[in-house]
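Protein chains in written order, with the working numbering: chain G, 1 to 259; chain V, 1 to 259; chain L, 1 to 259; chain S, 1 to 259.
Just to be clear, a hint being listed does not mean it is correct.
Any copy will do: because identical chains look the same in the list, a pair fits if it lies in one copy or spans two.
To be verified - Taking lysine to aspartate or glutamate pairs in the EDC-like style, the calculated list, with each CA pair at most 20 angstroms apart, reads:
1) K68 / D142
2) K230 / D108
3) K173 / E83
4) K64 / D95
5) K134 / E115
If you are wondering where the hints come from, they were derived from the structure by calculation, not from laboratory data. Since this is a predicted model, take the numbers as computed values, not measurements.
Protein chains: 4
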Amino acid sequence: SNNFFLLCGPCAIEGEDMALRIAEKVIEITNKLEIPYVFKGSFKKANRSRIDSFTGIGNENALKILKKVSETFDVPTVTDIHEVSDAAMAAEYVDVLQIPAFLVRQTDLVVAAAETGKVVNLKKGQFMSPEAMKHAVQKFKDSGNDKAWITDRGTMFGYQDMIVDFRGIPTMKQYAPVVLDVTHSLQQPNQSAGITGGRPDMIETIARAGVVNNVDGLFIETHFDPANAKSDGANMLHLDNLEKLLTNLVAIRKTVNSL
Amino acid sequence: SNNFFLLCGPCAIEGEDMALRIAEKVIEITNKLEIPYVFKGSFKKANRSRIDSFTGIGNENALKILKKVSETFDVPTVTDIHEVSDAAMAAEYVDVLQIPAFLVRQTDLVVAAAETGKVVNLKKGQFMSPEAMKHAVQKFKDSGNDKAWITDRGTMFGYQDMIVDFRGIPTMKQYAPVVLDVTHSLQQPNQSAGITGGRPDMIETIARAGVVNNVDGLFIETHFDPANAKSDGANMLHLDNLEKLLTNLVAIRKTVNSL
Amino acid sequence: SNNFFLLCGPCAIEGEDMALRIAEKVIEITNKLEIPYVFKGSFKKANRSRIDSFTGIGNENALKILKKVSETFDVPTVTDIHEVSDAAMAAEYVDVLQIPAFLVRQTDLVVAAAETGKVVNLKKGQFMSPEAMKHAVQKFKDSGNDKAWITDRGTMFGYQDMIVDFRGIPTMKQYAPVVLDVTHSLQQPNQSAGITGGRPDMIETIARAGVVNNVDGLFIETHFDPANAKSDGANMLHLDNLEKLLTNLVAIRKTVNSL
Amino acid sequence: SNNFFLLCGPCAIEGEDMALRIAEKVIEITNKLEIPYVFKGSFKKANRSRIDSFTGIGNENALKILKKVSETFDVPTVTDIHEVSDAAMAAEYVDVLQIPAFLVRQTDLVVAAAETGKVVNLKKGQFMSPEAMKHAVQKFKDSGNDKAWITDRGTMFGYQDMIVDFRGIPTMKQYAPVVLDVTHSLQQPNQSAGITGGRPDMIETIARAGVVNNVDGLFIETHFDPANAKSDGANMLHLDNLEKLLTNLVAIRKTVNSL
């Protein structure tokens, strides 16, 4: 189809029950709306602002849950990696590897991810121009893998705000399929308490602007109880609001496809 | 209708023939597409980077041409004002006064515009947050006029680039109808030659993102020969490309209206 | 001498007594430290965020007080102008005219200021690069006056913060003598209450960085009671702290002059 | 002494001869000027924009050269680490470990560095506020090591420029000794060729502004042939210019110490 695809799930894998519960609900919606779906969950949160923040339930535990989601529902999965040694390990459990935005300039990590042969989702650094992603994709391809995606997750705007530059979508589509991460694009970092804030009221605004501009995929973190999620509660979409959002976006994409 | 309205015309009034020619063509298109139309033209370019840049054909000459366009085609017109004394003068010739972005913090100018009783289009300063426009609108209303519009024309991003923050549309719609100026939002200021650059290839990207988010109006500068226009040639849309652009945008807005 | 000069005084002329009291105290300090001094006061605050903010005591009243300060203490004075007609009027009362940062791209205003034959202090727009001030100075010189100064008052950094780019000092010294406005460089604009905030604790940090880099002048707003000043209280230096600050800065400049 | 200390050396260890040659010359200067000195060299360049850029001569080779420099001249050394496993390895060869700016949010890396017991230099991310470094230092101290330094290497300003916010020096001195990296603060990233540009003409401007504000240390990359250096040639100071620069800075610091 000409629809966008969706990377969606909780920020972190907090346990098996929550992962399966979220996957089941998202699949019900994406099946109805004919949206290709990839279940997303981090096996480890590596860059929390504070050391007492939740970082995960153990790497192997979390990766096994990702595998279980995949097998239970027959959906592909995506998770992010942080060190070279994570690449081969995670590749045994998931279908898509993701390079976090802070790490996309680390050549060894990009090369290690490429060498797994998996699809790899390269997140544009908050400090990078859309044009600079050309070099990240080139490094990746030079490692013998041409299945790169690029994800835009916003750009620093002053110290405590992020902004999405929609000129980046047509620019980066020249290099690889482009995903718009509506969750992290709405972060407000460097807040004084050491906890990243956000603007979840703007999720549909940002998502619409991406879909109307032919973004290839969307990345949305969701939870059935964002206020009690162990990370990124400030920006996750409540699972109850996902169907209405996606229904609107699919209608917009259909119109765009007809132009 | 639920369609967006359009402020459109050349950057500057260079003469009567060109003004009538542009107006006639735009009206033909907007009539077909049922887009409420306001003819736009500056009677004076007051803030050029260099003193040898074109600044106009004379205030009264240009204002009379705006009047002629209005009478010839029965369309409202808009022009920008720069000093207190311009307000009453321009109000005799046009229907909508516009406060340039650099000047929207000048209280006397906003008050003088308000006191004409006309609709006034307040352009958000490139250095202002969407939220700060609340205060500009409040000053205007405190002067006894509640017919304000707000126009977003982008925000400074570093020294030589601008970015459109689409979070600003729902934010500013709380204060007044919001117009998206796709022409100036794509400027690239402070270039070394003293001539502002631009990204006209991104006009449709920015316009779609606005229309899909229910912006009330669009502002587009157009010319039948942008390369030889006397100002802002770097960003004006070629008149030949206007109909296709607007056709796409109207289709998107119709879908959005149905959601 | 090789010392920096100082533009200093209250934000706005609130009355004769306060103006004379501030001038007398500053002169006592600058005489002791051999700092060339220009008394600064605005006769009108033209760009307040809110309409209920203090805007002045009447143009003529305030200008006469500036004249009185000048005559009483035999010091030059500086004030800012906002419309073309202000230029000739203010030039009858003061020695230096100042173009506010928001207005430095308004060609007519720059030309009118130049035509008075006075020294004119062009403030770099918060939205301008240091390099772009070359064009502002050129416009000024093309109007037959070569007595321009450039003042840096910081650059927008995100919506709610400003930053001083010290690369601008050597850059702009190529075009004209450069003044560093430590008061407004520390503003934090676009705060939600419509009242500009600030970081007065950083005045000495910014001033030292300017003086050690051979800035030609400093601009400092001061008041004997900043908390009750009618404008810009958030950033003005308490008059009691001025002598210690300037003493440190003069010692630094002497060392720099010896290198 | 009350002097600043200096981290200085080539960007990358290209070989033993060049390392010894640079160290010898810098030591001659710092001995004369009584500047505590730490020899700096990267054993690996991990985040080059392009895959064909030079990344190093082999980790062990380069680390042994760092050790040789240390033993030959009895100076401490510093190098940067990129993965958890680098921490213990590099700690066997050098005295100070450095966390690159892109990686300072990676908790595991900061913890691994802390656990070596070495002094660790945490570089402020280009995307972080000075205040956010409080959390990085706290993570470090929570790992049982209180010998952290913070280095400012500039902050993103638009896509292609960096700016140094000197308010950050007094702010970050509350958390740990602060070093100013004048070399990387002057980078101009995201250039279209995939090669980072720079403004080496501004080195002294930035360094003076730091020294006059009591920065604890300076970080300067130098080479006897910057144009032919294998990385960062755009910003490295020519070794021939180091003595004059440091002489000026020491004179400034002495004056500041006397205030």
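Okay, the hints, checked on the actual structure:
1. K68 / D142: Close neither inside one copy (33 angstroms) nor across copies (36 angstroms); limit 20 angstroms.
2. K230 / D108: Answer is between; shortest inter-copy Cα gap is 19 angstroms, intra-copy 30 angstroms.
3. K173 / E83: For K173 and E83, neither the intra-copy (27 angstroms) nor the inter-copy (31 angstroms) Cα distance is at most 20 angstroms.
4. K64 / D95: Within one copy only: 13 angstroms inside a chain, 40 angstroms across chains, cut-off 20 angstroms.
5. K134 / E115: within (19 angstroms within a copy, 37 angstroms between copies)
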